[in-house]
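Each chain is listed here by its residues.
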Amino acid sequence: MHPARSVILFTTASGAGYGLLAWLGLLAALDLLPAWRWLGVAAFVLGLGLVVAGLLASTFHLGHPERAWRALSQWRSSWLSREGVAAVVTFLPVGVFAFSWVVVGQNSGAAALVGLLASLCSLATVICTAMIYASLRTIRAWASRWTLPGYIVLTALSGGVLLLALLRLWDLPLASGFGWAVLALLALAAAVKLLYWRDIAAERSGSTAESATGLGEHGRVRLLEAPHSESNYLMQEMGFRIARKHAARLRRLVLLLGFLAPFLLIALGQALPGIPALLAALASLPLVGFGLVVERWLFFAEAKHVVTLYYGESRA
Amino acid sequence: MTSLPRDPGPVKLGLVIDLDICVGCHACAVNCKEWNTSGHSAPLTDSDPYGAEPSGVWFNRVHTFEVVSEDGDSRTVHFPKSCLHCEAAPCVTVCPTGASYKREEDGIVLVNAEACIGCKLCSWACPYGAREYDADAGVMKKCTLCVDKIYNENLDPRSRVPACVSTCPAGARHFGDLGDSDSEVSLLVAARGGYELMPEQGCQPVNRYLPPRPKQPAGDGGAAALQPAAADAAPPGLLARWVDRMLSR
Amino acid sequence: MVSSPFETPKERVNTCPEVADEIKQTTCYMCACRCGINVYLKDGKVRYLEGNPDHPVNKGVLCAKGSAGIMQHYSPARLSKPLLRVGERGSGEFREIEWEEALELAVEWLGEVRRSDPRKLAFFTGRDQSQSLTGWWAMQFGTPNFAAHGGFCSVNMAAAGLYTIGGSFWEFGEPDWDHTRYFMLFGVAEDHDSNPIKAGLGRMKTRGQAKFVSVNPVKTGYSAIADEWIGLRPGTDGLFVLALVHELLKAEKIDWDFLGRYTNATWLVIDNPGGADDGLFARNAEGAALLWDGARQRPVPSGDITAKAAVVGRYNLPDGRVAVPAFELLARRYLDASYAPEAVAGRVGISAATIKRIAAELAEAAFEKEVVLDIPWTDWSGRRHEKMIGRPVSMHAMRGISAHSNGFHTCRAIHLLQVLLGSIDCPGGFGYKAPFPKLIPPSPLPAGKNPAPERPLPGMPLGFPLGPEDLLVDGAGRPTRIDKAYSWEFPLAAHGLMHMVIHNAWAGDPYPVDVLMMYMANMGWNSAMNVQGTLKYLTDKDPETGDYKIPKIIYSDAYYSEMVPYADLILPDTTYLERWDCISLLDRPISSAHGPGDAIRQPVVQPDRDVRPFQDVLIDLAGRLKLPTFVYLDGEPKYPGGYPDYIANHERMPGIGPLAGWRGPEGRQQGTGSPNPDQLQRYIENGCFWTHRLSPDQFYFKHANKSYLAYAKSMGWVPSEEPITLQLYSEILQKFRLAARGHGPVQPPDSERRRVETYFDPLPFWYAPFEEAAVDDGDFALHAVTQRPMQMYHSWGSQNAWLRQITARNRLYVHPETAARHGLKDDDWVWVISHHGRVKGQVRLMQGVNPSTVWTWNAIGKRRGAWGLDADAPESNKGFLLNHIISELLPQREGGHRYANSDPVTGQAAWYDLRVRLERCTPEEAGTTEPLLAPLKAPAPRGLNLDGKLRYGADLKDPAPPSEDRAGSTFAEWIGNRHEVAATVPGVADGKGNVKRPAGDGEGA
Ligand SMILES: Nc1nc2c(c(=O)[nH]1)N[C@H]1C(S)=C(S)[C@@H](COP(=O)(O)OP(=O)(O)OC[C@H]3O[C@@H](n4cnc5c(=O)[nH]c(N)nc54)[C@H](O)[C@@H]3O)O[C@H]1N2
Ligand SMILES: Nc1nc2c(c(=O)[nH]1)N[C@H]1C(S)=C(S)[C@@H](COP(=O)(O)OP(=O)(O)OC[C@H]3O[C@@H](n4cnc5c(=O)[nH]c(N)nc54)[C@H](O)[C@@H]3O)O[C@H]1N2
Ligand code: SF4
Ligand code: SF4
Ligand code: SF4
Ligand code: SF4
Ligand code: SF4
Ligand SMILES: [Mo]
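Residue numbers (the numbering used here), protein chains in the order written: chain A, 1 to 316; chain B, 1 to 249; chain C, 1 to 1005.
Looking at chain A on its own, in the form it has when it is part of the complex (with noise of 0.2 Å):
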C-alpha cells in the first residue's frame, strides 16, 4: 500500500496524544498523579495538541475535506466512521477532566472517574484506528492477528515516553516507578512488532492469481499485459512495492532506534535521577518518535494489496 504522509502522520501523532490522554486519566484515577496546574496544562495540551494536529492531518487525504463530518454517520457498518465518532465522544471527558484539573485543580474523586471515562474513550478510539485495517481482509499483511495489540501496545508507549518526560521534568516521584512501566512497554513493543512480522511472513493461503482469475486449472497465471500500458489509480494506491532487503533494514532501524535505543536510555536514568534522567527520557522522544513513523511506513508499505494480483503478483 502506498504509505501517504497524513495518514502516518495522523496515525502516529493522535496515537500518541490518545496514549498521554490515557494515561493520565488511569494514573489521576489511581490517585498517582498531583493535580498540578502547570503539569496539567502541559499534559493536556501536548495530548489534545497532537490528538487535534492528527485529526486534521487525516482530513487532508480526503478529496472532500469539507464534507469530513459527513463519516460520523456510518457507525453502525464502518469502522472508520466509529473512529471518527469515538473520536468526537473523546473529547467531552478530556475536556471535562482538564478544565477540573487545569482550573478547578481537582483531578481525583469524581474528577477522576471522568478521567477514567477519558482514558477509556481514548483507547476506543485508538481500538477503531485498528480496526480500520485490522478489518481489511484485502490486505493479509492488515488482518493480522497482531495489528490491533500492535496499535494498542504503540499507543500506550508513545503517550508512555511522554508522560515519562513530563513525570521527569516536575522530578515527580511517581517518574522511577513509571520509568520501569515504559521499559517493559518498550520491550512489549519490540516482542509485539516482532511477533506481527513473523505473522504476516509466514505463508499463510491467501488469495493469488490463480484464485483472482479462475484460470489455475490450466497451469500457472502470470500477467501479459497490463489493461493500461502506463499507471493508473489502482496502481498508485496499491501497487507499491518494497524490496525485502530494504524493508529488513528498516526493522532493524524501528528495532535499534525505536525501541532498543529509548530502553538504554531510560534504563540509565533509571539508575542516574535527577538532570541525567530527565535528558534521558527527553532524548528517547525523538527516538521513539522516529521510529513510530518508520514502523507506521512500513506498516503501509509491506502490505500488500489483493488487486495487486491482476497486475502482475503471483499472491497476495
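Certain hints may be false.
To be verified - Restraint ranges, calculated between C-beta atoms of paired labels, are given here:
1) ALA190(B) with LYS996(C): 14 to 24 Å
2) PHE6(C) with PRO157(B): 34 to 44 Å
3) PRO157(B) with PRO961(C): 41 to 51 Å
4) ASP73(B) with ASP54(C): 40 to 50 Å
5) ASP872(C) with ARG204(A): 39 to 49 Å
6) PRO962(C) with GLY72(B): 53 to 63 Å
7) GLN532(C) with ARG204(A): 49 to 59 Å
8) ARG5(A) with GLY9(B): 41 to 51 Å
9) ASP71(B) with GLY778(C): 27 to 37 Å
10) LYS10(C) with ALA88(B): 57 to 67 Å
11) VAL45(A) with PHE6(C): 44 to 54 Å
I should point out that these hints are in silico values taken from the structure, not numbers from a laboratory.
The C-beta atom is built at its ideal place from N, Cα and C for all residues, glycine as well.
Position chains B and C with the ligands against the provided structure of chain A, taking the given hints into account.
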C-alpha cells in the same frame, strides 16, 4: 443505509463474461468510458491526457494473462473486469459516509458523489480493483451497471443494456438477473460452469465468468493421419490409379 | 441534502436521463471496416457513439476504436487551416493561407504538369475509401502514376485471389461462419473485417460445432481463442499448406466433382518443352480451352457439359501436339517427396505428425461432415441441383501471408488447398462478397503506357495484365510508372508500389516527378519502410539547382501527423463525422456473402475550423483544371455541389454510378439506373446504407450459379453469364515465363529473365523470403514482425486520449528461451538489429510466440511533436517503431542492383521478411528508444485538454433529478450470440441481444 440492505430484494443484476470467446479487443472498456463520461458519474476525468503520464477513470479494464502449464504449453486469456456488484460488498460496509451503497431494488452498487468525502477506504476494501478514484472531482467512482441506460425510456429498447455488453463484437458479454435461478443468464452460467472470482474473499460477487472451454480435441475423433489411396503412394502409383478417372462437367 | 450527520444521505438516481437532442446515423471511419453508427448529439456535441443494430456490417456492435470516435473528433492534432511551407522541409514552418490561395497554387502546379508531362504528377493515396474517385481523377488528369496503399498493404492477397478464384480474402470474402465445421485462420491479428470476424468467431465458438485453427507465430487476440495454435516460423506457410496438399492428394481426399465442374484442373496443357506454346492451354479455333473427353477419346471444349474429362495422361491433339491435363502437372508437383510433411517440418517448425493430423482433420471435416442445404439451385449450364452440398472447411488469411516476398504464391497455395477440398463459395466454406466473383482476372487492363499532355488516360491506371503485352514498359522494357508497377520487376503490381514512390522520385528512377500529391498516408513515419531514408529523400536537394529532388509536395491530412511537416502545401481535411463519403461497389463496398451493399457518410457535425473534405477539394481542382467528365463542354464544373453532388450524379458507365441503391428517377432501381436526385436522402432514411439480400438459391456456388450470374450481369459486375472457372494452373503466369524464355514480342530485359522465369510459375510453390535468403542466418537468426492492436488504427490511435491510455508504448515480445539465450528478462532494453539498422525497445517475455520470432505492436512508436502529444509522451520516448530497421530495398544482388523489398510478382511490400538479432542494452543505453529523431515543431494543440485534465461529458450529463412520470422501464436480459446460445442452452430464447424472437436466419437475426 450504508450497511448492506437488510432485506435485499430478489433481483441481482450483473454481468456474465465468456472468457472462451473474449478476444481482448477493449471495446467494452472504451464504450463503457464513452457512455459513462457523460452519464451518472460524469465525467470520467482523464489527467495528462496528451502527456507523459496519461491516466484516467475507467469502469472496465481488460487484462491479458498467460496461463502456462507444466509442459510449457500456454493459453493467452483476455480478462475484462469491472465492478462485480458483490452481495457482501465490503466497499459498502467500510464507507463512513453512506456514499457507497447497494441498491435494494436491483443490487447495483453505486457511489453517491454528493456524499462521498474521497477517503478512498472503499478502494482499499475492494479486492477486485473496481473502485476508481477521480482525484479531480475528489470522489470515488465506479461501474454503475449503466443504471442510467438499462431502464432509460428515452432510449430505443435495444439500447437499454449496459454499454459494454451491447458493444462487445464477439458477443462475450451477457447481462441479466443472477438472483433468479431460472433467468437466462443463470441458465447460461449453469450450463457453462460459470464461476466467481476470489470466493475466499467472501464478497459474494454477483458477476460470473464463463471459463475457457476445453480446446476442441485434436482430430476430434478423426484419424491421426490419412492413409495413402494407393499402395504405391509415389506419383506413378497414384497417377496410374487416376488414368481412367473421368470427371463430368 | 442531509442535515443530521447521523442520517444516511439517500441518492435519488435519475434512471431516465435525457441523453440526446438528436440521433443521426452515419458510417464509422475509425478504421476501414465501415460499421454503421448512431451518433447521439447533445448541445451540438457528440454525446455517444453506438453501433447501429440494423447495420449489416456490425449489427449494433462497436469496437474500441469506433467507441473512441469522440476523442478522434476532438483530437488536439486536428489541422485547422490550409498551410503553405515557409521554412525548410521538415522544419514545420508554415504560413496559414486561405483556401482560394491554396487551390490556385495547386492548380498552378498541377496545370503546368498536365500541360507538359502528366506523368510528372505522382498521386498516391493511403487509407483511401474513395479510390473510385481518386483513380478516376488521376485517369482524367492523365497520369499513370496513381495508386492507393494496396501495394504495401496486401496486394498479394488481392492478386493471388483474383488470378486464381476471381475473388479474394482481405475484406472481399468471408467464411460461412454459420455452417463451417473447420476454420483455418492464416496470419491475421485483426484485419479489415474487424467486427465481422470477431462476431463470426464468437458465433462459431458459441455453437461449438467447428474447430478453429490459427496459423500464426504469435498467440494473441483471435489466436488466443483458437482450438489449436500452429505457431510456425514466419514465411513458411507455403510449405505448410503445400504439405497439406501433398497429404490430401496422396490419400485422394479431394473433391473430384468440384475440380471437374468448376476448375481448370482438366484443361489440357500443351507439353512442348522449348516451344512458344509450352505450358499454355490447348485451345480450339474459337479460343476455348480444351479438355480430353475420355468417353469420346478426343479433345472437346471445356464448356461441353457432356464431356467426361480425363485428369491425367498424355494426349495427342489433332494438330499433332501433345497435351496433359493441368491436374497431372499439379499432382506430380505436390506428390513429390519434397512436399512431404517430413521434408518440410524442420523449416516450418511444426512436427510432421501435426501437419499430417491437420490434413486428416481437414479431410474429415470436408468429406465426412458435409453440409447439405435443401435449397434447389441451377448451375450455369441450366442443370438443376436439388440440394446445396458444402464442404464445411473455411479459411481466411491476410498480412501474415501477404507481407512476405513469397506471399503471392503462398496465398495461391491456400486457394489451391481450398479448391482441392471443394470449399469455395459452398455452404460452410469461403464465400465471395459482391461484386465478386469476377472474371479471372477482372477487367480492365492497366492504362497509361504512353500518356500525353492534356489527355486523359484511355482507362484507369490500375488493372490486371493478361500477359506481357499489357505491361507498362517502354520499348527497352523499362518501367513507365514511377513506382515501377507493371514493369518486369513487378509485373502483376495491381495496386502499385506506394512504398517505392518517394525513393524512386528522389532517385529520378525511372524519371523524376514534379509534383507528389498524397492523401491520408503517413509516409513520413509508420507507412514508410526505412523512415530516416524516406525523410532524407523528402528533404534532399539537387546540388546544382538547390531545389528539392522532389520539387513540390501536396498533402491532405486531417491531423498533424509525422508526414505533414514534410509537405509544401497542406490541404486540411475534416474528421469523418464532418463530411460526405461513399463506400462504393466500385471500390471497397460493405457487401456480405449474402448480397451486395454500399454505404455513405453524412456530416453529423459542422467543422469548427477552416477545413474541407479532400474529395470536395479534388472535385473543385478537377473543375479548375477542366478535367474531362468533371466539366461540361463549356468548361462549367459538373459537380458544383462537391462530393455529394458527384456521388449522386456521376455515372461511370451509363446507369452505373458510385451508389447502387435507389437509382432511377423514382429511386426504384438497384445497381443500374439513371441518377436519382434524392438518392442520398434515401440512404440517410435507411441508416446511410443500402443492401440487397440474394435469394437463397443464389447464396452459394456464385461462380457457376445461373441465377446469381444473371443477377451479377444485370448489376454490371460480370460481362456475361458464363461461369467463372477457377484457375489452379495459371496460364497467365506461364505467358510471362515464356516471355522470359525468349518467346513473344514483349520480353524482359536480360537482367530480369531469370527472375521472371523463376517466379512466374503457373503452379504455386514455396521459396525462402528474399531477406531471409539474402542475409546470413547466423547474424540475423530471428524474425521480427508486428501486429495490429485491436484498439489502435495505425498511427491515428495515439492522438486519442482514451485509446492511448491502453497502449502508450509498445514492448518487444520475446520467447523465454530466446530471452534466456540473450540474457534478457522482463523490462530489459534491447537493440533490435537488422541488416539495415537498429532500433531500441523494451522487452516483455511471452510464452505464446514462436521461439525464432520476436514481435511488437504496430505504429505505436511516434515522433516527438506529432499528433498533439507532449514531447515527453511515452509513445515517442519509450515506444519504438520497427519501420526504422525495415529497408525498402533488398541487400545488393550481383550486378549491384537493389530490388525493392517486395514480392517479385506483385510488388507487395515484404514487411514481415525482416530478420534481426538482439543485443542487450548497457545500463546507460536503457530507458529511452532510439533512433530518437529531432522533435517536430508542433502547432498549438486544439482539443479539450484544460489544465492537464480532460473532463469530457461533465456538461453533457442531464442534471435533472428523477422525474415522477419517468419511473424507468424494467430491465431486459441480454444474451450475447443469443441465437447460438439458444441452440445450446435449453431455456434461452432465440433472437438477438435483448430482443427475444425467432431468429430470421443463421445470423441470429
Ligand atoms: N485495429 C486495427 N485494425 C486494422 C488495422 C489497424 O491498424 N488496427 N489496419 C487495417 C489494415 S491497413 C490492414 S492491411 C489489416 C491487416 O490485418 P492483419 O492481417 O490482421 O494484419 P496484422 O496485424 O499485420 O496481422 C498479421 C498477423 O500475421 C502474423 N504473421 C506474421 N508473419 C506471419 C507468417 O509468416 N505466417 C503467418 N501465418 N502469420 C504471420 C502476425 O503475428 C500477425 O498476427 O488490418 C486492418 N484493420
Ligand atoms: N512495421 C509495419 N509497418 C506497416 C504495417 C505493418 O504491419 N508493420 N502495415 C502497413 C499497412 S498494411 C498499411 S495499410 C500502412 C498504413 O499506414 P498509413 O496508410 O500511413 O495509415 P495511417 O498510419 O493510418 O495514416 C494515414 C494518415 O491519414 C491521416 N488521416 C486520418 N484520418 C484522415 C482523414 O479523415 N482525412 C485525411 N485526409 N487524412 C486522415 C492520418 O492522420 C495519417 O497521417 O502501414 C503499413 N506499415
Ligand atoms: S468487448 Fe468483448 S471481446 Fe472485446 S474485450 Fe470486451 S469482452 Fe472481450
Ligand atoms: S467489486 Fe468491489 S466495488 Fe464492486 S461491489 Fe464488489 S467490492 Fe464493491
Ligand atoms: S471514498 Fe467515498 S465512497 Fe469510498 S468509502 Fe470514502 S466516502 Fe465512501
Ligand atoms: S456495466 Fe456499464 S458501467 Fe459497468 S462496465 Fe459495463 S458499461 Fe461500464
Ligand atoms: S471496426 Fe471499429 S473502427 Fe472499424 S469501422 Fe467498425 S467500429 Fe469503426
Ligand atoms: Mo493495410
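How the hints compare with the structure:
Checked against the given bound of 14 to 24 Å, the beta carbons of ALA190(B) and LYS996(C), roughly 19 Å apart, stay inside it. Here the CB-CB span from PHE6(C) to PRO157(B) is close to 42 Å, well matched to the stated 34 to 44 Å. Taking the beta carbon of each, PRO157(B) and PRO961(C) are about 24 Å apart, not inside 41 to 51 Å as hinted. The beta-carbon spacing between ASP73(B) and ASP54(C), approximately 43 Å, falls within the hinted interval of 40 to 50 Å.
Distance hint check for ASP872(C) and ARG204(A): the Cβ-Cβ separation is about 43 Å, which falls inside the suggested range of 39 to 49 Å. Judged by the Cβ atoms, the range 53 to 63 Å given for PRO962(C) and GLY72(B) holds: they are separated by roughly 56 Å. At about 56 Å, the CB distance of GLN532(C) to ARG204(A) agrees with the hint of 49 to 59 Å. At roughly 43 Å, the beta-carbon separation of ARG5(A) and GLY9(B) lies within the given 41 to 51 Å, and the hint holds.
Checked against the hint of 27 to 37 Å, the pair ASP71(B) and GLY778(C) passes, with Cβ atoms roughly 30 Å apart. Between LYS10(C) and ALA88(B) the beta carbons are some 21 Å apart, a value that contradicts the proposed interval 57 to 67 Å. Checked against the given bound of 44 to 54 Å, the beta carbons of VAL45(A) and PHE6(C), roughly 31 Å apart, lie outside it.
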